[in-house]
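Chain residues, written in single-letter form:
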Amino acid sequence: MIKQDLDSIETKAEFILREATSRFRNVAALWSMGKDSTVMLAIARKAFLGKVPFPVIHIDNSIDFPEAYEFRDSLAKKWRLNLIVAESAIKRNLIGAACCGKNKTEALKTVMAEYGFDALIVSIRRDEHGIRAKERYMSPRDKDFKWDYKNQPAELWDNYTSKLDTDGHVRIHPLLDWNEIDIWRYIKRERIPVNPLYFSNGRQRYRSLGCTHCTTPLKSKAKTVEGIIKELEADKDEERSGRSMDKEREYVMQKLRALGYM
Amino acid sequence: MEIINAAFLGNKDHGKSTLIGNMLMLSGSATQARIDEAKKYSKRFHKDFEPAFILDSFAEERREGMTYDTTRGEMEYRGSAFALIDVPGHEELIKNMISGASYANFVVLLVSAKRGEGVTKQTKRHLFLARMMGIGKAIVAVNKMDTVEYRKERFDEIKEDIQPFLEEIGFEGRDLFFIPISAYYADNLLGHSKNMKWYTGRSLFEIMRLLGGNGEGKEAGRLPLRIAVQSMLNDDSGSVVVGKIISGKLQLGEQIMVLPQGLVRRIRRVFVGGKAVKAARAGENVALGIGNVETIPRGSVIAGKHDGLVAVDRINALIFFSRKPEKDITINFCGAELGASLAILNNIDVTTGKRIAGKSIKPLGAADALLRTSKKIPAEPFEKNHELGRFTVYSKGLFIGIGIVK
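Going down the list, the sequences are from chains S and Y.
Going by my numbering, the first residue of the first sequence is number 1, and it counts up by one from there.
Going by my numbering, the first residue of the second sequence is number 1, and it counts up by one from there.
Because the hints were derived from the structure by calculation, they are not lab data.
There could be a bad hint or two in this list.
What the hints assert, rightly or not - Okay, the calculated beta carbon distance ranges per label pair:
1) Y:192 x S:188: 20 to 28 Å
2) S:196 x Y:173: 54 to 62 Å
3) Y:339 x S:196: 20 to 28 Å
4) S:226 x Y:175: 50 to 58 Å
5) Y:201 x S:219: 43 to 51 Å
6) Y:201 x S:189: 36 to 44 Å
7) S:189 x Y:253: 24 to 32 Å
8) S:189 x Y:134: 29 to 37 Å
9) S:66 x Y:192: 40 to 48 Å
10) S:7 x Y:115: 45 to 53 Å
The beta-carbon is built from N, C-alpha and C at its ideal position, and this holds for glycine as well.
Okay, chain S solo, but in the shape it has when bound (with noise of 0.2 Å):
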C-alpha cells in the first residue's frame, strides 16, 4: 500500500471541499462516523478556518454500533458540527446488499429532498473497489439518485463538472485519491478522534465499519493509530473484506452505486 504524500493529498482535498461550497447553493456531507468521512471533517476545518460549513448527514439504521453514537454525539459537540441524523426504517427481513440499497439510499433520498441538498460530499476512495475506482471527484446523479456510469463527464485540470440536470445532485468526492494507509498516516499526524471499534480488543478489531449486522471484524492485535499502520503495511487483503454485502452478488457494488448508493 503506496504512503503518499499527506500535504499534498490534503491540500487537493481542502481544494474540492472549497469548490464543492462555492459552486453549490446547499452542501451536505455524509458522515457514518467511520474514519475517512471523519477525516474528511478535519480537512473541512483547516479549509473553512476551523469551522465546518455544511451540514452532516448520518444515516441511522438504530443498528450502528453503541461505540459509534457516543462517538457521534461526542465528536459533534465538540467540533459543533451541524448534525442531521436521517432515520432509515430498517427492514429486519433485509440483509447485506438489499439491505444497504433499500435502507441507507431510501433514507438518504428523503433528506436530501427535504433539505433541497444539491451536493453530498462523499469520502469514499479508490482503492476501496474497482468500481469506487472509476468515479470522477464531481459525479453528477439524477432526481431518481441514478449514476450514468456509461457517459460520466469530462473531468480535467482543476475544472470539475457543476452541471446538473434539473433535481439531481452532484456527488463530491475530495477523498478519492486517498489510500487506507493514508487516512490511518493523516489521523496520526493530525490527532484526530476515531471510533474506538477500530482498535483491537487484544483478539480482533473493525477494519472498515458498516452496521452491526453486516460487519465481521478481522484478526488483529493492534490496539493503537501506529499499530494499525503498521499492520497496513504488511497487508494485501482488501479493506472491505469484512462487509457482506460486497460480496454476495455479482457486480454489486455497480449495481448499489448505478441506484444511488455510496
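On the provided structure of chain S, position chain Y as indicated by the hints.
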C-alpha cells in the same frame, strides 16, 4: 512518497488495460482480491487470465472487452511509485481519454505490432492531445511483439512510421523513448525479455523511472504570483478571499492586483490550513484578508501589483473538438463559466500536425480559432502559465473540447 502520473494512451485493443493490469500484478501492487476477481471473470469469458480485468471493473467492460471509462492503479516498485492511468481507446469516448490524460506527467503510447493493427489515426490523435495539454515526455511501447515472432524489423517499421509525426508535434530527444514489449506475456515490462535479445535498452519500468525522476510542478514556484479565486469567506475579523496559489509565492504586506477588476490591495492576513502565516507558495490553498472589498467572483485572478498581467476578451487559441458544437458556446476558465463565440481561422490535421484550410468545425479534429469572451479574463499564453492558458469548452451544457491560449 511522490507518485508520478503516467497515462497509457493508444488505439482501442492495442493493450493499455492489459499492460497496466500486468504491471500492477508483476510489481506486487494489485491486491489479492482484485487478482482473484480478474481470474474469476477471465474464466467466465473463457479466456486465459486477462490482466485488464484488474482495471476494467464494470460488467460491460468485461463482457465487451473494452474500457469505457478512465481509472488508475497505483504501482510501487523498487522505491518508485506511479499512478498508472488507463483511458478508453474508443473514438466515441475521447472525453474520458482527455479526462484521464490531463493528469499525466508523461505518457506511455501503445502501438500494436500485430499485422493489420499498427499506427492508426487514433494513435496519433491521442499523441496530439497529450502534446496539446503540455505533456512533453513520451514512451512509445510497441506491443504484441509476440504476434510477430518478436522480430526487430516489425519494431523498426513501426518506429519509422510514427517518428516523423512525433517530431512534428514536438516529442523528441531525451524525452522520447521506444521499446518493444508484449503486455500480455510481460516482455520488457519490469525486467529484460529473453525473447528480444536484440533490444538492449532499458525496460519499461526503468524508462518510467527515468522520465519520472525530474519532477515538473516544482517550477511553478519560480513563476510570477497567480492565485485563482474560488470564493469569499467570512470570519470574525471580516471577509477573506479564498483560492489556490497556482504559481509563485506571496508574503504578508505585499501589494497585489485583482483581475479583471484592476483592484489594488495590500495583503493584511494570510491563512494556510486554517492557521495565520506570513508567507505561502505555489500549490497551497490560501485565505487572504485584503481589507474591505466587494465580492470577488470566481475566475478572478490575483497577481503581483507590477507584473503586467492584463485581462483580455479576444484570444488566439488552439482548440480540440470532441464533438460539433451548437451555436451557443461557453468556456470554463479558471473555475468560471462564461459565454464565448468562435471564429475558426484554419483546421489542423491531428494525424499530421499540419495546418490545413477550412473554417468549419470537425469533430475529433483541431483548429486555430479566435475566441471572443463575454467578459474580460486574465488569460496568459499556455507556454507562460499552464493554468491561466487553458480552458474547457461546452455547448448546451455538454463538454465539446479543450483549448489552449497561444
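- Query: Are there hints from earlier that the structure breaks, and if so, what are their numbers?
  - Reply: Of the numbered hints given earlier, those the structure breaks are 1, 3, 4 and 9, listed in rising order.
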